[in-house]
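Novice: Throw the hints in and build the complete structure from the sequences for me.
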Amino acid sequence: MALYSDSYIKKDALSSLEDLCVRCVCKNLNVLTYLSSENCEVKRKWRFPYPDFRLVARPSQKILLQLCKRNALDDDRMSLFNAESVDLMSPVIKEANVSPSSLKVLKDFRLYSLSAMNLTKVNLNTIISCLGEWTVQNLMCLNISGTSILCETHLPILVALGRFKNLSVLNASRTELSTQCLQIIADDLLNLRYLNISRTRVTDITPLLNIRDRLNGLIMHRLQLERTEDIAKLLCTVVELNQLRILDVSDKPRNSVGRYEVVDKFCSPEALPFLEHIDLSGNQFGLKLSDARALLESHPRLTFAGFASWLSSHEHELEGIYRLSHQYPHITMLGDRGDQLLLNTLTRNKDRAFYLQHALHSIFEATNNRESVKPDLLQAVLRVMRLHLRRMEMILAGTAVIYNLTRGEQSNQLPIDLLNRAVRMTLTAMEKFPDNRQLQKNCFLTLCSDTVLYRATFNCIQCCELVFNNLLSFDDIHMKRMGVAIISILAAEISTSGLSDLAKDPRRIECFLSYVAEKCLLVSDVPDLGSALRSYMPQLRLRTEGAPIFDTTLRFTLSALWNLTDECPEACLRFVRQGGLIIYEKVLKRFADQSEETKNHVYTKCLGLLNNVAEVEQTRESLLKESLMNFFFKMLRHPCIQISYFAAGIIAHLSCLKDEIWLRNIQSSRESYVKLLGQAVCNWQPPHSEMVAYRSFEPFGLLVLHPESRLEIHLWAVWAIHHILTRKEMRYVPVLCECQPLLSFLRLVVSFDEGVLCAHNLQRQLFDQETRSINNDYRDNNNDNVENNNNYCVKNSDPIRSLTTSCNVIRPQPSSIYSPSTDSDISSEVPALCEAPAGDCFMSESVQIQSLRQSSTVTHVEPVGQSAEGIAAFVGPDESQLACARLIRKMASEILASVDRTLPTLQSTSVHNYNNNRHCDPSESHS
1 MALYSDSYIK
11 KDALSSLEDL
21 CVRCVCKNLN
31 VLTYLSSENC
41 EVKRKWRFPY
51 PDFRLVARPS
61 QKILLQLCKR
71 NALDDDRMSL
81 FNAESVDLMS
91 PVIKEANVSP
101 SSLKVLKDFR
111 LYSLSAMNLT
121 KVNLNTIISC
131 LGEWTVQNLM
141 CLNISGTSIL
151 CETHLPILVA
161 LGRFKNLSVL
171 NASRTELSTQ
181 CLQIIADDLL
191 NLRYLNISRT
201 RVTDITPLLN
211 IRDRLNGLIM
221 HRLQLERTED
231 IAKLLCTVVE
241 LNQLRILDVS
251 DKPRNSVGRY
261 EVVDKFCSPE
271 ALPFLEHIDL
281 SGNQFGLKLS
291 DARALLESHP
301 RLTFAGFASW
311 LSSHEHELEG
321 IYRLSHQYPH
331 ITMLGDRGDQ
341 LLLNTLTRNK
351 DRAFYLQHAL
361 HSIFEATNNR
371 ESVKPDLLQA
381 VLRVMRLHLR
391 RMEMILAGTA
401 VIYNLTRGEQ
411 SNQLPIDLLN
421 RAVRMTLTAM
431 EKFPDNRQLQ
441 KNCFLTLCSD
451 TVLYRATFNC
461 IQCCELVFNN
471 LLSFDDIHMK
481 RMGVAIISIL
491 AAEISTSGLS
501 DLAKDPRRIE
511 CFLSYVAEKC
521 LLVSDVPDLG
531 SALRSYMPQL
541 RLRTEGAPIF
551 DTTLRFTLSA
561 LWNLTDECPE
571 ACLRFVRQGG
581 LIIYEKVLKR
591 FADQSEETKN
601 HVYTKCLGLL
611 NNVAEVEQTR
621 ESLLKESLMN
631 FFFKMLRHPC
641 IQISYFAAGI
651 IAHLSCLKDE
661 IWLRNIQSSR
671 ESYVKLLGQA
681 VCNWQPPHSE
691 MVAYRSFEPF
701 GLLVLHPESR
711 LEIHLWAVWA
721 IHHILTRKEM
731 RYVPVLCECQ
741 PLLSFLRLVV
751 SFDEGVLCAH
761 NLQRQLFDQE
771 TRSINNDYRD
781 NNNDNVENNN
791 NYCVKNSDPI
801 RSLTTSCNVI
811 RPQPSSIYSP
821 STDSDISSEV
831 PALCEAPAGD
841 CFMSESVQIQ
851 SLRQSSTVTH
861 VEPVGQSAEG
871 IAAFVGPDES
881 QLACARLIRK
891 MASEILASVD
901 RTLPTLQSTS
911 VHNYNNNRHC
921 DPSESHS
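If you use UniProt numbering, the sequence shown closes out at 927, no skipped numbers anywhere.
Don't read these hints as lab results, they were simulated from the structure.
Even for Gly, the Cβ is constructed at its ideal location relative to N, Cα and C.
Pair by pair, the computed Cβ-Cβ distance ranges are:
{"hint": "1", "residue 1": "69", "residue 2": "274", "range": "32 to 38 Å"}
{"hint": "2", "residue 1": "19", "residue 2": "85", "range": "18 to 24 Å"}
{"hint": "3", "residue 1": "641", "residue 2": "70", "range": "55 to 61 Å"}
Below, simulated PhoX-like cross-link-like pairs (lysine-lysine); rule was C-alpha separation at most 20 Å, straight line:
{"hint": "4", "residue 1": "104", "residue 2": "121"}
{"hint": "5", "residue 1": "589", "residue 2": "599"}
{"hint": "6", "residue 1": "121", "residue 2": "107"}
{"hint": "7", "residue 1": "519", "residue 2": "599"}
{"hint": "8", "residue 1": "625", "residue 2": "586"}
{"hint": "9", "residue 1": "69", "residue 2": "432"}
{"hint": "10", "residue 1": "634", "residue 2": "675"}
{"hint": "11", "residue 1": "45", "residue 2": "27"}
{"hint": "12", "residue 1": "27", "residue 2": "94"}
{"hint": "13", "residue 1": "107", "residue 2": "43"}
{"hint": "14", "residue 1": "589", "residue 2": "625"}
{"hint": "15", "residue 1": "45", "residue 2": "104"}
{"hint": "16", "residue 1": "599", "residue 2": "634"}
{"hint": "17", "residue 1": "43", "residue 2": "104"}
Specialist: Take a look at the structure:
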C-alpha cells in the first residue's frame, strides 16, 4: 500500500530548471545588476554576459513576479524591465512599491495581458497613461484587483476603460466599482466576455442584461447585498444570463436564510444551459440538498460545483453533499465533509479566508479521533497558512490541524520534506503570535514528539529559544511538561556555541532550576539557600511537607539541564551562579530514601550534570565541598555502573586541582581519592548498553594532558573512550580521530611498560616534550575546531583520509584478556574489540615510538639541578597501580586497533553523507 497518493508526488515534483534560475536571479539581483548614470539619471542595468543579450518574455515575467512575491520590487528595480533588456507580453505586478513614473517602462511593450493588483501608489488612470497605443488597442485581459479606480477628485474614472476596444476579460474585484460604473462597462466594452466584480459596491447587476448574449463568465463573490430584495433580484437577473459558462455567487454564510422562490427556476434545465462551473459556497439563496441534487442533474456540462460553508442545522444535508460527490465523480466539488471535498476547498479558495478557516475547523474535527496519513491535506494546510500568516485565527486553526496530521505514527510515514515544512511552519507561527497561549500550546503539542524532533530538519536553536520564551511567559503545567521535554532532546543536538547563546539569558537556567525546586524542595529548605536563589524562590509554590515528586516534568527538566551544560562553560557558570549546586545537593538528600529505581534515575542525571560542571575550570572548585565529596566517595562504589561512572568522572576532574586548593576547601587528601578512583575503575563490569553520548572527546583530551593528571585519571578517561567505541565504533572513531592530541597520548601509553606508567612523576617527565607542543596547540586551536565541527561526526573526509598516511597507528601487543591474579579487588574483564595482531607487526611499528622516546631523551637537555627539581624519589608501584597500568595499556591498544580497523571502512564510504546525518540517535540523548 502506498503511503501517499500520486497527486502528492506530482504536486511536489522538482522545480524546473527555468524556475530554479529565476529564483537564483532574484536572490542575487544586486550582484547581477549595477547602477548606471546616463543623462544625469541613475538607472539600474543588467550585467548581461555579452552585448545585445536580452531576456525573453516568459523568464522575464517570472522574475518580475518573483520580485513581487519577495516584496523586492520598487522603482529602482522596475527600471530593469525595459524594452532594451527584456521582453514582456503578460506582466504581473502585485503588491509592489512602484510609482507611476517607474511604470512608464511598459509603454514600449506590446502587451496582451496586464495584472496590476493591490498597487497603492497608482490608480486606473495612471496605469492607462503608462501603456502604449498598441497595447490600449489590443489588450485582451486586464486585472486591477485591489487597485483604486478613483481619480484625485475621488470620482470613478472608468470612462477611460472604453479605450480598450479589444478587452474580453476584466477583473475589477476589491475596487470602488459601483452600479453606475457597471453600466459604463456594459455599454463601452463591446467584446467583454468575463467579468469579476467580487467585493465591490455593486448592488444591482441588471446592466449586464445588455451583454447577456456574449457574457460567458461572471464572478460576484461577497457583493454588499444586505436586503433580501436585492438578493432575490440578483438571482432573477442571473437566470437571464443564458450564455454563462462560469458563475460564482458565493457569499459569507448567513444565519436563518430562507429559500427564495426563484431557486426552482435557477435549478431547472432551462436556466443557464451551458453552465460548466458554479460556486454556491455560503448558500446565500437558501438551497436545500434536493436543490443541489436537481442542479447537478439538470446541468450535465458541470465540471465544478462549490457547496462549501453551508451552515445547515441538518447533518444529513452536509453528509448528502459528500455522497453527491461520489455520484458525480467527474465534478470537482467543494464541501464540508470528506477529505477530498475539504482538500478542494483549501486549494480553490486561496484568498477567501472565511471558507479556508471553516474548512480547517472541519478538517480538525474529522481528524481529531483518528490517525491516518494525509500528505495532500497537510500540504494544502501549510500552503493556506503561508498565504495568510497575518491572520491569527487562520494560523490558530492551522496549528491545530498540523498537530492532528503529524501526531503518532503519522509523522513516521509522511514524506520527510513535508514534515520539515510542517515543523518550520509551526516555528513561524510561534514567532508571529507569541502572546496567544492556545496557539503556542498547539505548537508545543506538535513539537513534543520523538519522531518529529529526531526525524525533521529545522533550526534547533530557534526552537529552543521559542520554547524558553513561552515557559517564561506562561505559567501552564502542560506547557512546562512539554517544553522541558522538547529542550531536553534538542539541547543534546545543538552545538556548543548554540548552547552558549542559550545560556546568555540567566532566566532560562533559573526557570528550570525553579521547576526542580518546586518538585523536590520544601518551605523549610529555603533558609539554607543562598542569596542567588532567594531572589526567585518567593515566586515558587513550595510545599510544606511530603516526599519529592518524581514525574515526567522533573525527569525531563533534569535531562534538559544536563544537556544544556554539556561542554558549555557559560551554562555551567550560570548554573552555579543561580544556586544550582545548592538545589542539587538538596535534591540528592531528598531522594536518598526513595525507591532504588527512582533514586538511581535522579542520581544519574544529577551526577551527569555535576560532571559537566567539574569539566569547566572556572566552576570545578565549587564542587570541593565536604558534603558533596562525601557523597561522591559513596557513589564511587555504587553498584549501578552509571552512577559510579559519573562520580568517578567528577573525582577525576577535581583531582586535577592542586593540593593547596584541596586543603583550602576540604580535609581529605587528594591522594586518597585518586587511589580509590583507580580501584573503582578496575572493578567496573562493562555494561551491555551505551551509558552516555559524547559531542566530542575534547574533555578527555584536556583531562589527560592536564599538568596535574595522574595514571588513575588517565584510566577513567581511557575506560570511557573504550566503552563508547565498543558500542558505536563507526560513529566515534571519527570523533576520536578529530582529537589528535588524545590519539598521540594513547600511542604513548601503549609504548610504555607498566612500571613507567605507574611512576606518574617520571611519566610526566617522559611525556613532557611530546605533550607540551600538543597541549599548547590543542588549547590554542581546539575551541575553533570544536565550534565548527559536527557534534558527532568528522567535519569532512580529509582528516580521516590523512590519518592513514600521516599518522602511525600503533597496533596492540598480543596478550590475553587481562585478569589480575594478585589483587582480589581487580576482577573485571574488558572485552577485546578484535583479535590481537601478530607480535612482529607491532614491533615493526613500535620502532618509531622507541626512536621518539630516544629523541626526547637526547634533545631534552637541562642542568642537573633543574632536572631533579620537583621530582620525588620513586620506590616502585604497588599492585593497585600496576593493575591500573595493565588495564589502561590493554584498553588503549584495543582503541588504537579499532581506529586502525575502522579507517579503511570510513574511507570506502561517503564520509560527507555520514557527517550530514542530522542529530544523534534517541538513545544518545541524556533523557
